[in-house]
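> Chains as they are written, first to last, in numbering that gives the first Met the number 0: chain A, 0 to 305; chain B, 0 to 478.
FYI, nobody ran anything at the bench for these hints, they're computed from the structure. Keep in mind it's a predicted model, so treat the numbers as computed, not measured. All C-beta atoms, glycine included, are put in the ideal place defined by N, C-alpha and C. Please note that the accuracy of each hint is not assured.
Computed footprint of chain A on chain B, listed as stretches where at least three residues anywhere in the stretch have a Cβ under 8 Å from a Cβ of chain A [what the hints assert, rightly or not]: (1) 10-19; (2) 47-59; (3) 97-103; (4) 120-131; (5) 164-172; (6) 193-202.
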Amino acid sequence: MAVFDLLLCALILLVAVAAIVGKGLFRAVVFFVIYGVLLSLAWVRLDAPDVALAEVAIGAGLTGVLLLGAVGRLARSDADEPAEPIDWPVAVAASVVAALLVGAAIKITPGTGLEPEVRAVLTRTGVENPVTAILMNLRAWDTLLESMVLITAVIGLWPLAQGGDWMEPAGPAHHAQPGGVLSGFGRLLPPVALLVGVYLLWAGASQPGGAFQGGTVLAAAGVLCVMAGVVRAPGMAAPAWRLALVAGPAVFAAFGVAGLAWGGFLTFPEAWAKGAILTIEMALTLSIAVVLALLVLGPPQAGEAR
Amino acid sequence: MIALATLLILPIFGALAVVAVPGQAARVAAAVAVLSGGALAVLIMAVAKGGSVQILPGGWGAPLGIALEADGLAVAFMAMTVAVTAAAIALAARTPAIGTPFWALVMLTWSALNVIYVSRDLFNMYVGLELLTLAAVALVATGGTSALAPALRYLFFALTGSLLYLAGVALIYAAHGVLDMAHLAEAPLQATDGVALALMTAGLLVKTAVFPFHAWLPPAHAAAPPPASALLSALVPKASFVILMRLWFDAVPDAATRSLLLTLAILGALAVAHGGVLALRQDRLKQIVAYSTVAQIGYLMLVFPLAGGGGAAQPWAAGAWSGAIFHALAHGLAKAAMFLCAGIWIMAAGSDRLDDLRGLARALPMTAMAFGVAAVTLMGLPPSGGFTAKYLMMTSAFASGQVVLAIVLLAGGLLAAGYLYRPMEALFARVVPDHRPVSRLLQAVPLLLALLAFAMGLFSDAVYAFLQTGRPGAAEGGL
Chain A
0 MAVFDLLLCA LILLVAVAAI VGKGLFRAVV FFVIYGVLLS LAWVRLDAPD
50 VALAEVAIGA GLTGVLLLGA VGRLARSDAD EPAEPIDWPV AVAASVVAAL
100 LVGAAIKITP GTGLEPEVRA VLTRTGVENP VTAILMNLRA WDTLLESMVL
150 ITAVIGLWPL AQGGDWMEPA GPAHHAQPGG VLSGFGRLLP PVALLVGVYL
200 LWAGASQPGG AFQGGTVLAA AGVLCVMAGV VRAPGMAAPA WRLALVAGPA
250 VFAAFGVAGL AWGGFLTFPE AWAKGAILTI EMALTLSIAV VLALLVLGPP
300 QAGEAR
Chain B
0 MIALATLLIL PIFGALAVVA VPGQAARVAA AVAVLSGGAL AVLIMAVAKG
50 GSVQILPGGW GAPLGIALEA DGLAVAFMAM TVAVTAAAIA LAARTPAIGT
100 PFWALVMLTW SALNVIYVSR DLFNMYVGLE LLTLAAVALV ATGGTSALAP
150 ALRYLFFALT GSLLYLAGVA LIYAAHGVLD MAHLAEAPLQ ATDGVALALM
200 TAGLLVKTAV FPFHAWLPPA HAAAPPPASA LLSALVPKAS FVILMRLWFD
250 AVPDAATRSL LLTLAILGAL AVAHGGVLAL RQDRLKQIVA YSTVAQIGYL
300 MLVFPLAGGG GAAQPWAAGA WSGAIFHALA HGLAKAAMFL CAGIWIMAAG
350 SDRLDDLRGL ARALPMTAMA FGVAAVTLMG LPPSGGFTAK YLMMTSAFAS
400 GQVVLAIVLL AGGLLAAGYL YRPMEALFAR VVPDHRPVSR LLQAVPLLLA
450 LLAFAMGLFS DAVYAFLQTG RPGAAEGGL
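One chain only, chain A, in its complex shape (with noise of 0.2 Å):
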């Protein structure tokens, strides 16, 4: 397996040179993605399959998606664009950084971190998966907060709506051809995405998956949804898509104020800690299903059908 590893390392460098040099931001966009595919092999050989889900799902995935939606709003023909310059000063700050990163990896001895003592109180966290009980019990302060992060990014998306005010659906109308491939994708896929996304949540609690996973897969089922035009993209004068953005973190956080009743704040007692992780869980998953698919569809623009 070394000479695979090799191998791959080699091959993930290439593609992030590939990514940066030369030029085309779609080429760049598309190397990208490869970039994020192999890096999750390499999480997958570091025996972190949560992390390799995520970064396959989120890195490659969806900001591959983001990114290509970005450039399409560009609209900038590759064929006209010069390549760009290479920034020095910043080439040159960069490449520090890493040689320093690196000369710091070779020198560190490989601890076992927090890995014992995360074993030793797992029982008492109501999971099994040490990756979710650090997430929603250990480091549940943290996942609230990150829980706000992903809000904040919607958030931040809203005053870039035309007008200022983000009321109408999101993103562009969509028209797909009767009877196409997209709208005959769009009817097939999303109920087995559906499955997939639960089972990902589902699963989390003992074995890789979770909220963050489950709603990735959720979301994309609900934008092709969208693109293939069977249903209307969510908009915010809906109550019931505002509540659905705010469900997870409120559930979360209510939970926190509770646990000041049963001894302290974000505080599950044991005999509860897995119904509460799994209904905080679901709560997020649905939140992270809305603001993905928000994102990736972009603010409203009225009236642009393209």
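Given the structure of chain A, go ahead and fit chain B onto it with the hints provided.
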């Protein structure tokens, strides 16, 4: 403990409520401000009486869980944040073209600030910084189309800072297996800690807008709507400064070498000079005030050679450390007052060009008074909070034989007098201004903030004593 949890969770619920019920956004914000004020009063009493208040979310405690601790420093910063945010909310409620996103982003910024002030966990601080960065950048973007380019520039700088900090945290965890500052302080230094700390410090300097990483700040702060600028200039850079302080004074006090501490101070001195000179050359009030922030942040960096490294055990360390905190607090209040004045004058005169502000002191005397009082604090004249800050830092500079640093403080004060004289001259010009009326209640908002900054100097004994709660290496007394 309940008071602290309330302060942490209120703005989070506030942000969610604004998104869920956009029609009631201003009311939600007002309710959060009032309730936070109450919780803060309870927390101040508790900390003054019984010392630092701790929360261990989930009950795990470090190193497995996250430790949060409200010491004198954290509570003082939370208090400044309540005052500044409440004032910004009051002004925003009367500012036209303030939409739903603004209200949600103010709540999110506030949540992130509180998270960072009380955190003792390096990764939790990173999460706080991420939330703060995204909310702050988006706040700039609420300034309209012309604010988009400055916002994007801010985003690039701030994300680079985040990545550098995160890389350092990853190295720290790889080498030590802990993220908690108290555990880190007890662990022996590892070979990779130098690189890790350098990366973290560089990242935090970018976020604090310390020279030469300040280029993003003036355009962003000048382009944002005035109530947002008040938060961005008074509070946001202070959060990464708090982390910098906690890192070098709490987590790894022994790792600081003399040359590193001096480098930080030299950057600070350059910021004082550069920001001051550029502030002199601006023609718009918001830009003068924004460049002034670059200069004022420079002073904060002087704390490192005065109170850090081997100097931490010296008798002058307590004075220098407290002086820097005094400065951060007084500057925050005064700077927010100035941006809110700018907001009111834009409402009245339609622009913040110095030429358009001529004679406004006659029409809006309370705002002119607020600007004047805030200017006194920024110049460091007695008996304001800014004076106490400079007095403490200068005494330490002389006591430790670092006279050059005292000269920086003095020269910075002179520069501040220079760049603040120009708007004052315009305001008090003997012409009758053409303006729209502004209610007295609204005019009182910046005045209250400026008076708070002033009062910090009058009641400096009480503030000083409160700041010592939970101070690192707490050698009582000082200078």
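> Hints first: check each against the structure and report whether it holds.
Here's how the hints hold up against the structure:
A stretch counts as covered by a chain when three or more of its residues have a beta carbon under 8 Å from one of that chain; for the region 10-19 of chain B and chain A the count is 6, and the coverage holds. Against chain A, the region 47-59 of chain B contributes 6 residues with a C-beta closer than 8 Å to a partner C-beta. That satisfies the three-residue criterion, and the hint holds. Note: the region 97-103 of chain B has 4 residues with beta-carbon separation from chain A under 8 Å; the three-residue rule is met and the coverage holds. Given a C-beta distance limit of less than 8 Å, the hint that chain A covers the region 120-131 of chain B holds, as 6 residues qualify and 3 suffice.
Under a criterion of three residues with beta carbons nearer than 8 Å to beta carbons of chain A, the stated coverage of the region 164-172 of chain B is upheld, 3 such residues being counted. For the region 193-202 of chain B, the stated coverage by chain A is satisfied: 4 residues place a CB nearer than 8 Å to a CB of that chain, which reaches the threshold of 3.
Of the numbered hints stated above, none is contradicted by the structure.
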